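A.B. asks: Using the hints, position chain L against chain X.
Protein chains in written order, with this note's numbering: chain X, 2 to 458; chain L, 2 to 458.
Please note that a few of the clues may not be correct.
Pairs involving identical chains hold if they fit within one copy or between any two copies, as the list cannot separate such chains.
[Stated by the list, open to error] With a straight-line Cα cutoff of 25 Å, these simulated DMTMM-like cross-link-like pairs (lysine to aspartate or glutamate) come out:
no. : residue 1 : residue 2
1   : K321      : E349
2   : K315      : D365
3   : K235      : E203
4   : K358      : D240
5   : K358      : E203
6   : K413      : E155
7   : K21       : D440
8   : K47       : D167
9   : K342      : D167
10  : K260      : E292
11  : K21       : E239
12  : K337      : D167
13  : K280      : D240
14  : K37       : E64
15  : K235      : D356
16  : K260      : D18
17  : K394      : D270
18  : K265      : E292
19  : K342      : D361
20  : K37       : E105
21  : K21       : D365
22  : K280      : E345
23  : K260      : D187
24  : K47       : E97
25  : K13       : D361
26  : K36       : E155
27  : K235      : E285
Because the hints were derived from the structure by calculation, they are not lab data. Since the model is a prediction, treat every value here as computed from it, not as a measurement.
If you want the building blocks of each chain, they are given just below.
2 protein chains.
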Amino acid sequence: MQQIYDYVNQNKSRFIDELKEFLRFQSVSTDPAFKKEVDACSHFVKALLTQIGFPTITIYPTEGHDVVYAEWIHNTDLPTVLFYGHYDVQPADPYELWTTPPFEPTIRNGQIVARGASDDKGQVMCHLKAIESLIQTHGRLPVNVKVIIEGEEEVGSRHLYQWVLDHQEMLAADVLVVSDTPMISDTQPSLSIGLRGLIYFEITATTANTDLHSGQHGGAVPNAITELVHILSKLKSEDGIIQVPGIYDSVQPISPALKAEIDKIPHSDANYQAELGIKHCPGEPGYTSIERRWFRPTFDINGIWGGYTGIGAKTVIPCKASAKISMRLVHHQNPKEITQKLTEYLKEITPSYVDLKITDIKADFPSNPFLADITHPSIATACSAIEWGFGTKPVLQGEGGSVPIVSFIQTKIGMPAVLMGFNLPYDNIHAPNEQFSLDRYIKGILTVSHFLTHFKR
Amino acid sequence: MQQIYDYVNQNKSRFIDELKEFLRFQSVSTDPAFKKEVDACSHFVKALLTQIGFPTITIYPTEGHDVVYAEWIHNTDLPTVLFYGHYDVQPADPYELWTTPPFEPTIRNGQIVARGASDDKGQVMCHLKAIESLIQTHGRLPVNVKVIIEGEEEVGSRHLYQWVLDHQEMLAADVLVVSDTPMISDTQPSLSIGLRGLIYFEITATTANTDLHSGQHGGAVPNAITELVHILSKLKSEDGIIQVPGIYDSVQPISPALKAEIDKIPHSDANYQAELGIKHCPGEPGYTSIERRWFRPTFDINGIWGGYTGIGAKTVIPCKASAKISMRLVHHQNPKEITQKLTEYLKEITPSYVDLKITDIKADFPSNPFLADITHPSIATACSAIEWGFGTKPVLQGEGGSVPIVSFIQTKIGMPAVLMGFNLPYDNIHAPNEQFSLDRYIKGILTVSHFLTHFKR
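Just chain X, same shape as in the assembly (with noise of 0.2 Å):
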């Protein structure tokens, strides 16, 4: 491993220099205006894979942005990583709020800013330079390796989940690696070993042809947001739980093992309350505030709207009110399940006179949730990477939040899956002046490099 270190050391310069390369090709997947941008960056990947030295690479065009897909198979008696990431990036605007702009990427204080360096092109070089010191220092892999990195994740990946499908033998592994999640705290290295699920719907409750009078009929005639605000105050109860019947049926308790770890977690539920500018973590009773983000499911109103909502007074009785809705899914929870018993409650509260649309907006992209095996060896063998790379041991952590195509590979293709994210909470993901800091740079490279020289079957 030291003659990895002295290469990762000594190439820091040139390693810094085609990160900013790769940082500013404006890869905006969420904007056809960009779609050129998208493409150039495809083929840059394309040629960052090729100068590593990888043997079979190929550009798959979609109906939206490229899929890039490299393997190195040196040997099928060793072990294969997949690893995942995607060089498509957010918006950049609001564009003023940058200290320097997003596409120029900058030194400062040790972070280099702009879109993308922490979100995911920051992470996606320490895999690829990692590769590259791993062949320079030892002439060969310790691993076989498969490489996707995709053009669409800010999108839903939405022709991914199609072309991994399509492609079920080629990516054939052993474990999948992804960077794309953060650790806890600059001081705390963490590993990540679950991610929730999502159902999303939007609900719209009508009760007349028209909008009514409330002096001429209130009293007589359905109000409709009336109607909703009953349909969604029984949806959760006031101390959190979900009321709808069956639903926490296949959610698994947190094992003892699993809660050691959580434990070890450096928290203050007043240091968090203050941050956010909460009085209070309401919730499920009997679980922490950080249990409840990420080992338990959670039912919340991410949008409302009917009636007048403009200045000063209207007396109408609105006819149609509608509402967004969204559930986390944990562990277990399946989300067709979960969806089919969310709706069957919904049409058993919903009274007769109202009339009771349903839209499932996730449908086409299912958001299945992820919880590791903390006892497969593919965890040890991350932790002591994370360990050596970043000096430090880590912690194991959740993630309150989705990729819904990680799980999806790692459950359509088979195999475990190792959330290795090297970024922090503060990098201003998906916002202005988005950073990763060059020592982590340079620390994920290393981490990457012992986790795939000492990984096993």
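C.D. replies: Leaving out everything else, chain L in the frame of chain X:
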């Protein structure tokens, strides 16, 4: 009365021409662009009064539009009738939905079609032409008359409240007569005996400094919409009973005499539901839908908004959510008292970690309920007048809406009020193609003449 009848019929075509002239003024009070037209209209009203022969006519300028006031005191031993009406109108847009231009009055199928035809110029003219007819046929009036015709009814009578307070002595009278409410139908004349009051609030729940990511924080932080929904769900039970403690304390039961009158009204819930496209008339148990619309208080949510309301999914936990809520009040419910009870209850049901801001939108324009004493002789006099004018015995009806200035004048000056309206529910008040039947115009003049002739103190 035969002389009156003959005079009115002989002068019918001039009365129609004069109404047309009145309707040509674009006296839209809400839009400053029409200020000159509103001013010109108040001078036209003065000219109408002058032509009839009123000895005292004053235009009182306000910070908004003029109040036109006239008196004709013959004999202080005679009873005094105070008439209230308004010369301003609602905006006419959308213009493209009018068959003929809104300020070019047109006769079509026996209807005069123009903005203000029913609300309230046509009905004001019923009074002025009745007074003229009495003078012309008898050389004197059977009562003293006082007339307020204001220019800001459609903008909440905002300067009339203070003007009334400043002229209480001048306005003293034995009865207040208002023609600004509809009858039941073309074949069933009616007299309105009640108005509901109105209180209206905007409430905003705030739970954090900023919107939060539902993956990162879901399960550990309050959601402003969820909190608002729980608060709103506690204001009215699902079977339609308002939950604010003490809210029904001052509500009077519907008297057997009133119930007997209401039961005379031809009504079918099935037809009513079909007309509005509703499947049910939900509401307070133990009351008919008519009783609930006219003589019971209501709580309605008039608008609601918060979080993400665009297309697709945004996984946000909103930090702020708002609603517009209002209550219609009935006789003996004091808006200030009810406001206090509602406010206290809202505070009581709001969790300590939620900041609830309550804005009283109508605080400056008190809207008291009004219920006539149906045993007062003015009611019988009005019913006889309607029966003579329209040829059919009227029924008594309530009015679910509010005309705040009426209950204000009635309470402040202290006198019974008679709500003797002549138009119909389908006369397109506040809508394109507003109309007033010529037949009803003439019958209205006859009715008012009869009322003034027979009214006793």
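A.B. asks: A separate judgement is required for each hint: does it hold in the structure or not?
C.D. replies: Cross-check of the supplied hints:
1. K321 with E349: This pair counts as within: shortest intra-copy Cα distance 19 Å, inter-copy 29 Å.
2. K315 with D365: Close across copies (16 Å), not inside one copy (39 Å); limit 25 Å.
3. K235 with E203: Both: 16 Å inside a chain and 24 Å across chains, each within 25 Å.
4. K358 with D240: Between copies, since 23 Å is at most 25 Å while 27 Å is not.
5. K358 with E203: Classified as within: same-chain Cα gap 8 Å, cross-chain 28 Å, threshold 25 Å.
6. K413 with E155: within (21 Å within a copy, 65 Å between copies)
7. K21 with D440: within (15 Å within a copy, 84 Å between copies)
8. K47 with D167: within (21 Å within a copy, 85 Å between copies)
9. K342 with D167: neither (31 Å within a copy, 65 Å between copies)
10. K260 with E292: within (9 Å within a copy, 60 Å between copies)
11. K21 with E239: neither (49 Å within a copy, 60 Å between copies)
12. K337 with D167: Answer is within; shortest intra-copy Cα gap is 22 Å, inter-copy 69 Å.
13. K280 with D240: within (15 Å within a copy, 34 Å between copies)
14. K37 with E64: within (14 Å within a copy, 61 Å between copies)
15. K235 with D356: Answer is both: 17 Å inside a copy and 22 Å across each meet the 25 Å cutoff.
16. K260 with D18: neither (42 Å within a copy, 87 Å between copies)
17. K394 with D270: Classified as within; 24 Å inside a copy, 73 Å across copies.
18. K265 with E292: Within. Shortest intra-copy distance 13 Å satisfies the 25 Å Cα cut-off; inter-copy 65 Å does not.
19. K342 with D361: So K342 and D361 pass the 25 Å test inside one copy only (13 Å; across, 41 Å).
20. K37 with E105: So K37 and E105 pass the 25 Å test inside one copy only (18 Å; across, 59 Å).
21. K21 with D365: So K21 and D365 fail the 25 Å test inside a copy (35 Å) and across (62 Å) alike.
22. K280 with E345: between (35 Å within a copy, 22 Å between copies)
23. K260 with D187: within (23 Å within a copy, 76 Å between copies)
24. K47 with E97: Neither, since 32 Å and 60 Å both go past 25 Å.
25. K13 with D361: neither (47 Å within a copy, 64 Å between copies)
26. K36 with E155: within (14 Å within a copy, 54 Å between copies)
27. K235 with E285: both (15 Å within a copy, 21 Å between copies)
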